[in-house]
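If you read the protein sequences in the order shown, they are chains A and B. Residue numbers for the first sequence follow our numbering, so the first one is 1 and each next one is one higher. Residue numbers for the second sequence follow our numbering, so the first one is 1 and each next one is one higher.
Simulated from the structure, these hints should not be mistaken for laboratory data. Values in this document were obtained by computation on a predicted structure and should not be read as measured data. Beta carbons: idealized from backbone N, C-alpha and C, even for Gly. Be a bit skeptical, because a hint or two may be false.
Heads up, incomplete: computed chain A residues facing chain B, CB under 8 Å, no partners named [stated by the list, open to error]:
hint, residue
1, 159
2, 160
3, 163
4, 170
5, 192
6, 254
Residues of chain B clear of chain A, computed beta-carbon distances all greater than 12 Å [to be verified]:
hint, residue
7, 51
8, 52
9, 87
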Amino acid sequence: MTAVLEARGLGKRYRRMWALADCTLSVPAGHVVGLVGPNGAGKTTLLNLAGGLLAPTTGTIEVLGGPPLARLARIGFLAQHAPVYAGLSVADHLAFGAHLNPGWDAGLARSRIERLDLDPGQRAGTLSGGQRAQLALTLAVAKRPDLLILDEPVASLDPLARREFLQELMEAVAGQGLSVVLSSHLVSDLERVCDYLVVLVGSRVRVAGPVDELLATHHLLSGPRRDPDTLPAGQRVISASHTDRQSTLLVHTIDPVLDPAWTVSEVDLEDLVLAYMSQAAAGGRRHLEVQR
Amino acid sequence: MIEFHLDGRSGVAPYLQLIHQVRHALRLGLLDEGDQLPKVKDVAAGLAINPNTVLKAYRELEYEGLVAARPGIGTFVTRTLGGASLAAHEPLRRELRGWLARARRAGLDDESIEALFLSTFRSAAEEDIA
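Just chain B, same shape as in the assembly (with noise of 0.2 Å):
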C-alpha cells in the first residue's frame, strides 16, 4: 500500500497531486496489478482533505484504465506503468548522468541545466506533435 503526501505550496491541485503520485509509483513498480488503492475514508482522514477530492483522483484514473473500484471493498490497481520499460531505465540514466557530467564541465550550473533540458525536451514535443 502507498502512502500520499501533500504539497501545499506546489500549486498543483490537490487530485492531480494524487494522480501523478499513483502514476509515479506504477512507473516505479511500487505498484503492481491487483494492489490494493488506500481507502478513500483514510485518505481523507489522513491528509486532512476532502473526500471528493480522492474520489475524483479515483475516478480519473479509473477513466485511464489503470485502476478498478469493486464496490464495497476499495479500489485496485489493473495495469502498470513502466513494463517492459524499466529495463531500458538504468542504461539510459547511465547515458543522462554522462551527459550531466559534460554539462558541468562546459560551466553550466542547475539552473541553465535545467532550462536547457527543459526546453529540448519542450521542442523535441512540439516537433513529434508537428
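Extracted from the complex, chain A is given alone in its bound form (with noise of 0.2 Å):
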C-alpha cells in the first residue's frame, strides 16, 4: 500500500522563522491521522505543503504516490475556520463543487445536505458555525478525494456540532473508505477517531505511529528517586519529575519493564501527547537538572 503523505527532510521558512524543519514522515494510507501540537506548532504549515498550497523550503513532500499539485483532484481539503463563500447559497456551492470537480458526487452531496436538514436556498453567509463546517465537509467529501485534509475542522465549534461534525466525518471514512489527516491542539478531539497521531511541536515530528502501537510502547514509570541516566539502554525518557524521594518517568521501551522497583502504569493518548509536549519545552533544561 502506497503512502498518503510522504515527506523528506521537508522545510519551510517565512523570512527568517522556520515553520517546518527537517519534517521526515512517511503516513501509510487507510489512517485517520491525528496532527497534534500547540498553536504554532507548524500543524497548518504542513497540510498546506501537503495540500499544494505551499511550496517547501527544504526536502520533498508526496501525497498519495506523487507531487501534490499532481493530486489535486484526489486531494479534499477543508481549511481553518471552513470558508464558504457568504453570498452564495448552499444549492450555490453544490453546483460550483460539480462545477470544478470532474469526480463530482451530486447524489452523495445532495443526500448529505438533506440528512443535515440544511435548506439548499440559504446563504452560507446566515447558516451556524456548525452548518458552514458540515457544508464545508460536504464539498470536500462530494468530490470523492482518496485523502482528506482537515484543518482544526472542530476548534471553533461547540460540543455537539463538534461531535456531529465527528460523526459525518466518521461516517464518510467508513463508507468511503478515505484516508484523512486532521490537526487538532485538543487530544480529546481526536482520541476517537484517530488510529495514526503525529505530534508536532517546535516545527518538529517529536513522535509519529500507528495510536495502538504508541500506548504498547509507552509506559509510566514509579518508584524510589532515581537518576534517568541509570536506565537500561533500551528504555528512553520522554518526560521526568522528582520529588526528593520518587522519580515519575514516561519511557518508551519496546520491551518489558522488568524492574521491581518501579511500578509501571499504562499511559493514554494525552499523557502521551502531553509527555512529548513538555519534552520539547524542556530541550537542554532536562540535563541541567539532573546533574544539580
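Grab the two chains, each in its own frame, and use the hints to assemble them into the complex.
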C-alpha cells in the first residue's frame, strides 16, 4: 500500500522563521491521522504543504505517491474556519463543486445536505458555525477524494456541533474508505477518531505512529528517586519529574519493564502527547536539573 | 439489535468497551444466535469513532468464535455466553444478596464490601491457577 503522505527532510521558512524543519514522515493509507501540537507548532504549514498551497523551502513532500500539485483532484482540503462564500446559497456551493470537480458525486452531496437538514436556498453567510463546517465537509467529501485534509476542523465548534461533525466524518471514512489527516491542538477531539498520531512541537515532528503501537510502547514508571541516565539502554525517557524521594518517568521501550522497583502503568493518548510537548519545551533544561 | 455507548473517562480502550458490551449482551441474553451486530458504518457514525476501532472489536469477537462476518451483509452472533448457566443466576443472586446484608450488618461500607469481594475473587482465581 502506498503512503498517503511521504515527507523527506521537509522544511518551510518564512523570512527568518522556520515554520517546519527537517520533517521526515511516512503515513500509510487507510488511517485517520491526528496531527497534534500547540498553536504555532507548524501544523497548518505541514497541511498546506500537503495540500499544494505552499512550496517547500527544503526537502520533498509526496501525497498519494506524487507531488501535491499533480494530485489535487484526489485531495479534499478543508482549511481552518471552514471558509465558504457568504453570499452564495447552499445550492450554489454544490453547483460550484460540481463544476470544478470532475469526480463530483452529486447524489452524495444532495443526500448529505438533506440529512443535515440544510435549506438549499439559504445563503452560507447566515449558517451557524456547525452548519458551515458541515457544508464545507460535504463539498470536500462529494469530490470523492482519496485523502481528506482538515485543518482544525472542530476548533471553533460547540460540543454538539463538534460531535455531529465528527460523526459525519467517520461516516464518510467508513463509507468511502478514504484516508484523513486532521489537525487539532486538543487531544480529546482526536482520541476517538484517530488511529494514527503525529505530534508536532516547535516546528519538528516529535513522534509519529499507529496509536495502538504508541500506547503499547510507552509506559509510566514511578518509584524511588533515580537518575534517568541509569535506566537500561532500551528505555528512552520522554518526560521526567522528581520529588526528593520519588521519580515519575514516561519512557518509550519495546521491551517489558522488569525492574521491580518501578510501578508500571499504562498511558493514554493525552499523557503521551503532553509528555512529548513538555519534552520539547524542556529541551536542554532537563540535563541541568539532573546534574544539580 | 443492540446499541453501543462509550465511556470516555473509563480509561478502557474503545474497542475493548465494544467487546465488553457484546459479551455482556450475550451473557444476559440480550443477543442471541443469529442476531446481527450493528453495521460498522453505523457504529462509527453513531459514536463518532474510527471505523477501524469497530472492525478491530468485531475481528476479536470473531476470533473468540462468538460472531461471524458475512461479507457484504454484516456480522452475526454464532454463539451465546451464559447459556445453561443463566438458570443458575437467580439462586446465586439471592445468596449474594444475603451475603451483602450480612456484610452491612457487620458494619462494612460500600467500599469495604467491594474491596473484600475483589480481593477474595482475585485470591480464589490465583489459587485456581496454582
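Hint compliance check: list the failing hint numbers for this structure, sorted ascending.
Failing hints, ascending: 1, 2, 6, 7 and 8.
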